[in-house]
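Each chain, written out:
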Amino acid sequence: MRAFAELLDRLSLTASRNAKLVLLRDHFANAPDPDRGWALAALTGDLVFDAAKPAFIRKAVEARMDPVLFGWSYDYVGDLAETVALVWPARPGANREPELSEVVDALRGASRAEVQRLIEGWLDALDATGRWALLKLMTGGLRIGVSARLAKTAVAAVGPVEVSEVEEVWHALAPPYDDLFAWLEGRSARPTADAPGRFRPVMLAQAIDEAVDFGKLDPADYAAEWKWDGIRVQAVSEGGVRRLYTRTGDDISRTFPDVIEALDFDGALDGELLVLREDGMASFADLQQRLNRKSVTDKMLADFPAGIRAYDLLSDGGQDTRALPFAQRRGRLEAFVGALKTSRIDLSPIQPFATWEELAAQRRQPPPGDPALAEGLMLKRWDSVYEAGRPKGPWFKWKRDPFLIDAVLMYAQRGHGKRSSFYSDYTFGVWSEAVDGSRVLTPVGKAYFGFTDEELKEIDKYVRDHTVDRYGPVRAVRADVRQGLVFEVAFEGLQRSTRHKSGVAMRFPRISRIRWDKPAGEADELATLERMLAQMEGR
Amino acid sequence: MIRPEALLCPRPEGLYCAPGDFFVDPVRPVTRAVVTHGHADHARAGHGTVIATPQTLAIMAERYGADFAGSVQPVPYGQSVGRDGVDVTLVPAGHVLGSAQAVVAWKGLTMVVSGDYKRRRDPTCPPFEPVPCDVFISEATFGLPVFRHPDDGHEIAKLLRSVQQFPERSHLVGAYALGKAQRIIALLREAGWDRTIYVHGALDRLNHLYEKHGVALGPLAPATSTTKQDFAGQIIIAPPGALADRWSRRFPDPVLAFASGWMQVRARARQRGVELPLVISDHADWDELTATVDELRPGELWITHGREEALLRWAQLHDIKARALALVGYEDETED
Ligand SMILES: [Zn+2]
Ligand SMILES: [Zn+2]
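Residue numbers (our numbering), protein chains in the order written: chain R, 1 to 539; chain G, 1 to 336.
Bear in mind the hints are in silico, worked out from the structure with no lab data behind them. Please note that a few of the clues may not be correct.
Partner residues aside, some chain G positions facing chain R, computed with beta carbon under 10 Å [claimed, not checked]:
id, residue
1, Ala58
2, Ala61
3, Gln165
4, Leu317
All residues carry an ideal CB built from backbone N, CA and C; glycine is no exception.
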């Protein structure tokens, strides 16, 4: 338990992805079986307990100490698990510290009453970090900024093998993954990956560099498709097992029973999950209504009907098609989708074109209908096999040009890691009219990339020289009509948002240019964003 | 028996002893001051006469210049000075080099002004000595049950493991210039780290002073050299303020560590962007505060500064008469 607890402790304060990978990889390489497997399960979300509810933990600690002192402590720390871990008045004579696997075994086997007695014993035996990790593990939600994908990437590094290889076998494995570690360490053969309904690692596209790539590419070698604004999914139906996965292999079948019901085939489809209505696809905001939901209501299913726009076929009637060239897979995909009797799965059309110029014109001015809502285009080589990862050359994404707006820097926050001595996270705003008729800035977004190291130094200096207030790591920067720093902000789209004061939320904002020359008073108005939003919604 | 308030009472300048006519750790210039230790909030320049341990006087002279007071009266540990029937004895407090409790005795009444103290071993100063007394006057910087500092050896091991795990990065440790920095260095040496430790220029003079007083710190070098890559795999110690300062940019992708009792609480570490919190404090934690009061069982407990409400509550639950003095001007282990 100690090694796992110290890992979680470090991860909870580590911002850099690389540093997280090092911490995780070292743990997976050094911790014994089966502890490391349980750690992996906890990090990938495959280990969930409901034995210890926060109310029980609070009662247990208040039975041991003055509730007033506990209350003050909780007020100060603000997190129940952390508070209890710190204040826990351990009774002497506790057993040795439990191993993670002991805790897991006990929690899986024991009744609720037994579990509560066990937990108190463990809390007595562990130190504060161990108690914190135990309570986080038991009450669910480690919330330490590690995705399942990152954990799998770190495990792959133990081999090392490609993460796609781990993903390929993942759904044939179960915690504590002894066979996975045995394979990674060369002690046994690769675990069998042909479990029905399993996930296949996906193929990703590179962003195209217009200036460099088009000169070298022959348009006759490539198919073009629209890049749909939903989420990439894989729909598998084999031997009676039906699954819907995200592109990183997370199983989201339970959130989309309507889609699962429509998987009346034998094969594996690669496509885009969208809200599909009779008059075409809906915006991403509609799809968001369906994402990350624990329970699915009938009303939600009726109001936001989900479906798949298919663009590749990975398995067809038991045959793995991934080694076929795209042209052949496409032919089979068209026949496959054509034979389905559901309106929830349709085909992503191929956009014909003869020259790159012609395609560029279509990208600028998409034909009416669904393509007008697309994020851009995808280019796929007709002869490309389906290869996991992001190989260079066979597939490109060619995004629509971003939207641009001029906004004024309002707050700057210190960054992490390499950037901890820099004010590198910026909140910016645009002008709107206050009740009294004066012009005020309303924050509309936050960005922390898009500038060079040299520019970062200059902005940092500007922030330090123009600070008007400080709140912990945040500085308020002077921003009024006479003085302020203007950023040209690029973003991919806008959505209505009740959580934002401005009423709009930007998708993927970043700093595209620093307008040292532009007077703050000439930055954009909120009304401009509202007009852009109306246009996007109107399409 | 005389009332304790007749011997010591809080005034805006600090705790005042009327029969002996002196203040303890006054925050403003006074005629006579007993100074418990060299931290800036306890030891200020500009007093008429300063009574303190020789080490504390040396620290004050280093910080403020030789003329920091009209005159000085060095009192080594265990020795007393008397005036008008009031005896003041300085006894180790275990806080930093030279730190002392002031034991004030008058007409059979003994009051202990403990200053800042801790109960753990510290390789840079002698340990706290408990003195039986009628009134124990304590700080309460970490006076909340959440503050329970782990073993410092464990925290140092955490730092060294991180250095091993991230050999291409430097480890930048924020530590207060007086006491904490030297303790961290000494603890690293005990843990077997014999490489050069790089230090921020603001620590130089106090490091020398510690060495002159017999605290060996091993090979040190200024953290000012030429190329960035020099510091990969190295440990650098700097005052906390320098961590977020432009000064820190000379190090390659540093792991920011911070040695402080406040690092016990994750939100505080996160707020400062600290990646590796080291819970090492020169103050008594909750368990040490309560155990000390329990051990001494004074007739009264007075609390000078810090989180007094929780300690008052604890005293009340344990039938110990207690009062909060709410002295202002003492800022312990604060950030920046
Ligand atoms: Zn102090
Ligand atoms: Zn103090």
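Hint by hint, here is what the structure shows:
The interface hint given for alanine 58 of chain G is broken, as the beta carbon of that residue sits about 34 Å from the closest beta carbon of chain R, more than 10 Å. Interface restraint check for alanine 61 of chain G: the shortest CB-CB distance to chain R comes to about 33 Å, outside 10 Å, so the restraint is violated. Checking glutamine 165 of chain G against chain R: minimum C-beta separation of about 6 Å stays under 10 Å; hint holds. With a cut of 10 Å, the hint placing leucine 317 of chain G at the interface with chain R holds, because the nearest CB-to-CB distance is about 6 Å.
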